[in-house]
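Asks: Assemble the complex: chain A is given as a structure, and chains B, C and D must be docked to it using the hints.
The listed protein sequences correspond, in order, to chains A, B, C and D. Read in order, the letters of the first sequence are residues 37 to 399 in the working numbering. Read in order, the letters of the second sequence are residues 37 to 399 in the working numbering. Read in order, the letters of the third sequence are residues 37 to 399 in the working numbering. Read in order, the letters of the fourth sequence are residues 37 to 399 in the working numbering.
Worth flagging that the hints you see were computed from the coordinates, not collected in a lab. In this text, all values refer to a predicted model and were calculated from it rather than measured experimentally. All C-beta atoms, glycine included, are put in the ideal place defined by N, C-alpha and C. Take the hints with a grain of salt, since some may be wrong.
To be verified - Partial selection, computed: residues in chain C whose CB lies under 10 Å from chain B:
| id | residue |
| --- | --- |
| 1 | K43 |
| 2 | P67 |
| 3 | R68 |
| 4 | P70 |
| 5 | A73 |
| 6 | Y130 |
| 7 | I304 |
| 8 | K398 |
| 9 | F399 |
To be verified - Reference listing, derived: stretches of chain C covered by chain A, where coverage requires no fewer than 3 residues with Cβ under 8 Å from a Cβ of chain A:
| id | region |
| --- | --- |
| 10 | 51-64 |
| 11 | 113-120 |
| 12 | 150-160 |
There are 4 protein chains.
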Amino acid sequence: MPNSFGKLFTVTTWGESHGGAVGVVVDGCPPRLPLEAAEIQAELDRRRPGQSDLVTPRQEEDKVEILSGLFEGRTTGAPLLMLVRNADARPGAYDEMKEKFRPSHADYTYQAKYGIRDHRGGGRSSARETIGRVAAGAVAKKILRLAGGVEIRAFVTRLHDIEAPRPDHFPTLEEIEASPVRCPHAATAARMIERIKAVRAEGDSVGGLIECRVRAVPPGLGEPVFDRLEADLAKAMLSLPATKGFEIGSGFAGTLLKGSAHNDPFEIREGRVRTQTNHSGGVQGGISNGEEICFRVAFKPTATILQPQKTVDVAGHAAELQGRGRHDPCVLPRAVPIVEAMAALVLVDHWMRQGAQNQTFKF
Amino acid sequence: MPNSFGKLFTVTTWGESHGGAVGVVVDGCPPRLPLEAAEIQAELDRRRPGQSDLVTPRQEEDKVEILSGLFEGRTTGAPLLMLVRNADARPGAYDEMKEKFRPSHADYTYQAKYGIRDHRGGGRSSARETIGRVAAGAVAKKILRLAGGVEIRAFVTRLHDIEAPRPDHFPTLEEIEASPVRCPHAATAARMIERIKAVRAEGDSVGGLIECRVRAVPPGLGEPVFDRLEADLAKAMLSLPATKGFEIGSGFAGTLLKGSAHNDPFEIREGRVRTQTNHSGGVQGGISNGEEICFRVAFKPTATILQPQKTVDVAGHAAELQGRGRHDPCVLPRAVPIVEAMAALVLVDHWMRQGAQNQTFKF
Amino acid sequence: MPNSFGKLFTVTTWGESHGGAVGVVVDGCPPRLPLEAAEIQAELDRRRPGQSDLVTPRQEEDKVEILSGLFEGRTTGAPLLMLVRNADARPGAYDEMKEKFRPSHADYTYQAKYGIRDHRGGGRSSARETIGRVAAGAVAKKILRLAGGVEIRAFVTRLHDIEAPRPDHFPTLEEIEASPVRCPHAATAARMIERIKAVRAEGDSVGGLIECRVRAVPPGLGEPVFDRLEADLAKAMLSLPATKGFEIGSGFAGTLLKGSAHNDPFEIREGRVRTQTNHSGGVQGGISNGEEICFRVAFKPTATILQPQKTVDVAGHAAELQGRGRHDPCVLPRAVPIVEAMAALVLVDHWMRQGAQNQTFKF
Amino acid sequence: MPNSFGKLFTVTTWGESHGGAVGVVVDGCPPRLPLEAAEIQAELDRRRPGQSDLVTPRQEEDKVEILSGLFEGRTTGAPLLMLVRNADARPGAYDEMKEKFRPSHADYTYQAKYGIRDHRGGGRSSARETIGRVAAGAVAKKILRLAGGVEIRAFVTRLHDIEAPRPDHFPTLEEIEASPVRCPHAATAARMIERIKAVRAEGDSVGGLIECRVRAVPPGLGEPVFDRLEADLAKAMLSLPATKGFEIGSGFAGTLLKGSAHNDPFEIREGRVRTQTNHSGGVQGGISNGEEICFRVAFKPTATILQPQKTVDVAGHAAELQGRGRHDPCVLPRAVPIVEAMAALVLVDHWMRQGAQNQTFKF
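Just chain A, same shape as in the assembly:
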């Protein structure tokens, strides 16, 4: 099931950029969860096109409809079907894509894999697919918040070569949303915005890093051997369009430390087992240790640029592609809620798996 994610809280996304709608089925949602469409909508609004002058002006209201699984304001345990109609579809704008493969997009590989391709706006490979993820993630976030006070916070920590200082506290949602670039450090955010505008003016694009932190995760989530928490987080993040890397805790930089400096000594603090440092990033042996979970995701520069590019056409001839139309010069601001959504999907699934294993049996 290539379009499904999660073993117990299973989400299946469907829909193409310029088809009738995009959406998601959430199977395995616990019953009796209070839920309103407005809560889903709030998260979708954070990834919506046209939300600021930094992102694509494609006009999409992205209004969610919940067609099943809710009854009198609560989930019933039955699958939730959530969908968003595609409104601002301009199929004609994509005629060139029918004949030519866009560099560093999925056009060629989809053609090679399937022998057929819905070229309109990238079809299934469009980032509009992530609407379903964000909708499902909104449900997951609510469960985690109600069940354990878990908070998930992603933000832009580096854009191109502009890096924000490491936050000295768990960033608040307000700090992050204060700027359209979603970097909680105001001065850096301002520089990032300038950079986005500058590359847009060049018809070019930039990438960067998103950091995500999660607090109040209890010890014990994650499964050895293959379904380690960091393994599932890595998969979740690398399943997002435009991602090229993932690191947790000390990450790549940690490989420059010796073990004596890298190990996290244990101590008793606040009445429970804690670590003094957190190079582990909240996970040890694949299982949460109760510390803050902290990971970073690398997003490449947007593949769509408004400059002429060399490519080939479907007949196998050399061709030139002249990018035009609406696009995001940088995906990071809109990717922030998507990263949070995926983290929530991983965590709620492991929360349920732990519930299956440990809370049912009192041996």
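Replies: Chains B, C and D alone, transformed into the frame defined by chain A:
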């Protein structure tokens, strides 16, 4: 199934460091594959303790037994059960671990998750678990080689801060195996060996980066949306002990490029669609594009060190742990075949999934 | 994923009887399959309410919309989302069900399981859920027909105690659809219709047996050990509302034969290995042997009856329930296309699994 | 994963009749379960060959070894590997099977599916495969007993045409084990034994029905839509060698009742919601209702008989097969513990799924 990996070529590992044996079941192996125990053994010998003076001197022959699934030298389509007996078990050597949580190991998290813990040598969290992965990976590698001439080659590219120059060709197995540190650049390998010996003398440890390249993968492997090839590779790598990061193609460094420099232009070369550069790392939109797949994995410094460390005991008191005994001051040399094995498991699974979808039906 | 079925051709149904819509996601559908909504609609029309005077007069057009996965008349390999709006919802008609558990329905067990229940028309437990199965099954049937000329034919073989003679040929669709009761033996069909009208007049209900035959299945479909073809068929059938039993080939009656009479001798016929008899029902050791697959499913009498019944209310008091409203006095006529759909889902999934395993590798 | 069963309590069996060993991996077993090899052995002894003069005299001690997952007498949450060595292998006795397909066995279908076949004693299709199921089932039974006092009791209710009267109480293990035929009604058991001896003298075989009852299952186990409790039970039973049918509650006979007689009225009894009758067999809408679960399984007569049979050989020529050697003239006595094991696997899996969904979250 936390101990299983793969949807069609499914491996399930089992066993603890100091239990009776460790091993693996491979379910879904195609029938009629010629296979001998010696081929499995050759890969196990590459991860075996005691293979050089750089690694733990634990004396384990790690001799594989194949108990099912083979008949007259060929697989039958039935599950393969492969096991390795634990020989050099010294349970007494681990008595201290019974009472104290080793920093940056899985002792505390296993205890928190399960309420019980086989402390002997780390039990299930021991890297001996990877024996099953390597055995299954040897089968996967052979399938890929016979089916499509696919070659998978991992090597140490950076150890601590000692980095090898980027290879100008696809490294040969001989180049890699020429040095016990498994870096194909001989001069750098010599420096790496000195570093390992130096930190070992200090009772300390180091980490680094392993790079893995795969060639001859046909276009079309990998599934949108969640089971992208890079997503499954990321999960596979982050499921390995001691890993903290994964990047594919341009990876983290690629985020410093603009889109105009990062995009891989298409051209016709050797009669087929090729890219001029390979920032994508052989995967676009989650699907292989026929170029070399190239990714890197960050391994932290070994958590076991021979220096005193602060920790807490199971009763919740502050304690000091004095590491001793046999250990690897650096896991990278022995991790090379493990990385290859995991890459092979991902690829053979996607190969079979593509077979299911595309080759059965002629519409 | 309780609402999903199939490992490679995976269908997930969603929706409640009186919610916004019911539908299905089909994930794993092979690309390039020619497909039109009209083909889906034709199957839905066979299970539609109001299609004859034997079934519930609930007025539902059950018109299918395909929102994703199709492009220019062909599947793309992306998920198909198909939905049917609920039109003739009369929530008020079900107020009594809010307070009282209907005997032999799912009201009590859903309440016990979830602690919440969408009581309107049975909510998720309504047979309207099977709309998604029939829509997905229509796709599966087409694949099987195009790929291998496979034909699936179900029909009513016994209604209450009225049993049709064993057909002497593979029944045609025309023979089955000639009567609203879907029994291909015209004289028996007439008697069945009388029986349904008689029990309806009593406010009562009846059940019976549906037989299903499948021809042109190649040898080799089905997997040992747990995913035997008959095991998956049994699960598929027992997952349908109102089913109480399944038998394949000689079934329960075969237990009265001795082995010497029951065994199916092999012979060479039409140039290939055939059996002289077919007590095996087309499956041996869990794998198709190329003979006609033949199984039967027992459906209990409809639980909804228009007579007063003893029950309890949600507060735990004894109560009486007076059935009223629209219902089917016998589910069998409308269940025929549903049985076919489920058989198609099982077979196409195993067809794909066999493709994964056997056709990709040429050892 | 054709050799795996269960979503959360996942068992994977492996091994062939005349290979090195047969066994099972149990992944997902809850931690801290007290467990000893003797408990597994007790169940294996009930399915062992040579246990009475009614069954095959193949001499197999079937002694279980537990190689992983246990620590100081308790499960750790890690996978359990249990194996049984094959002792009395007489490969030469099966040379005829190499060349000729045994009627109503899996010889031909395995050859057709895989293009290779371990013919020795049926290889993977041998009923020795069920050793792994019984071992895993013993663990499942213990969990269910400790967690909820659940008792599972299977017995032979009809052998050939000899039917036992319906028991007026939940049969005790002692009553069932009192006779080697495992029918709790002593007088009927004696007649069954005579029948088995008579058909064995003819070189023939017989089948029959096994009934299974389960008590103390709490309301709420089972999942809509596809993973209904009866659907998973049906799959479990039809996955056993030699089974041809499954029915639950009123089963096939219930189709002869009208709805007014078949419905199970609710009442309050013993302080909770109960049904007055149990035509539902303990399951409504796919979910347990707290009543006794009751189902029956049809086993065909053993395919191996000691009479000459017509068949074809692997070269496609007509041939005659002269059965000889050791076999069971009736599989039912030894199938009783296997049916119980499969029922336990289904129930423990659904118990864990319910734990995941309902007990983790307090909305």
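Asks: Under 10 Å, Cβ to Cβ, is where C/F399 needs to be relative to chain B, so tell me if that hint holds or is violated.
Replies: holds, 4 Å
Asks: Closer than 8 Å Cβ to Cβ for three or more residues is the test here. Does the region 113-120 of chain C pass it with chain A?
Replies: holds (count 6)
Asks: Report holds or violated for the interface hint on C/K398, using the least CB-CB distance to chain B and a cut-off of 10 Å.
Replies: For C/K398, the interface hint holds, since the closest Cβ of chain B sits about 8 Å away, which is under 10 Å.
Asks: Holds or violated: is there a CB of chain B closer than 10 Å to the CB of C/Y130?
Replies: violated, 38 Å
Asks: Taking the least C-beta to C-beta distance, is C/A73 closer than 10 Å to chain B?
Replies: Violated, because the Cβ-Cβ distance from C/A73 to chain B comes to roughly 18 Å (cut-off 10 Å).
Asks: Holds or violated: C/P70 as interface residue toward chain B, Cβ cutoff 10 Å?
Replies: holds, 7 Å
Asks: Is the coverage entry for the region 51-64 of chain C by chain A consistent with the three-residue Cβ rule at 8 Å?
Replies: Held - the region 51-64 of chain C has 10 residues with a Cβ nearer than 8 Å to chain A, which meets the minimum of three.
Asks: Hint validation: C/P67 versus chain B, beta carbon distance must be below 10 Å. Holds or violated?
Replies: holds, 7 Å
Asks: Interface hint check: C/K43, Cβ to nearest Cβ on chain B, cutoff 10 Å. Holds or violated?
Replies: holds, 8 Å
Asks: Was the hint right that C/R68 lines chain B, CB cutoff 10 Å?
Replies: holds, 4 Å
Asks: For the hint on C/I304, just tell me whether its beta-carbon gets within less than 10 Å of chain B.
Replies: Nearest chain B Cβ about 24 Å off; hint violated.
Asks: Against chain A, does the region 150-160 of chain C show at least 3 residues with beta-carbon separation below 8 Å?
Replies: holds (count 7)
Of the numbered hints stated above, those contradicted by the structure are hints 5, 6 and 7, listed in ascending order.
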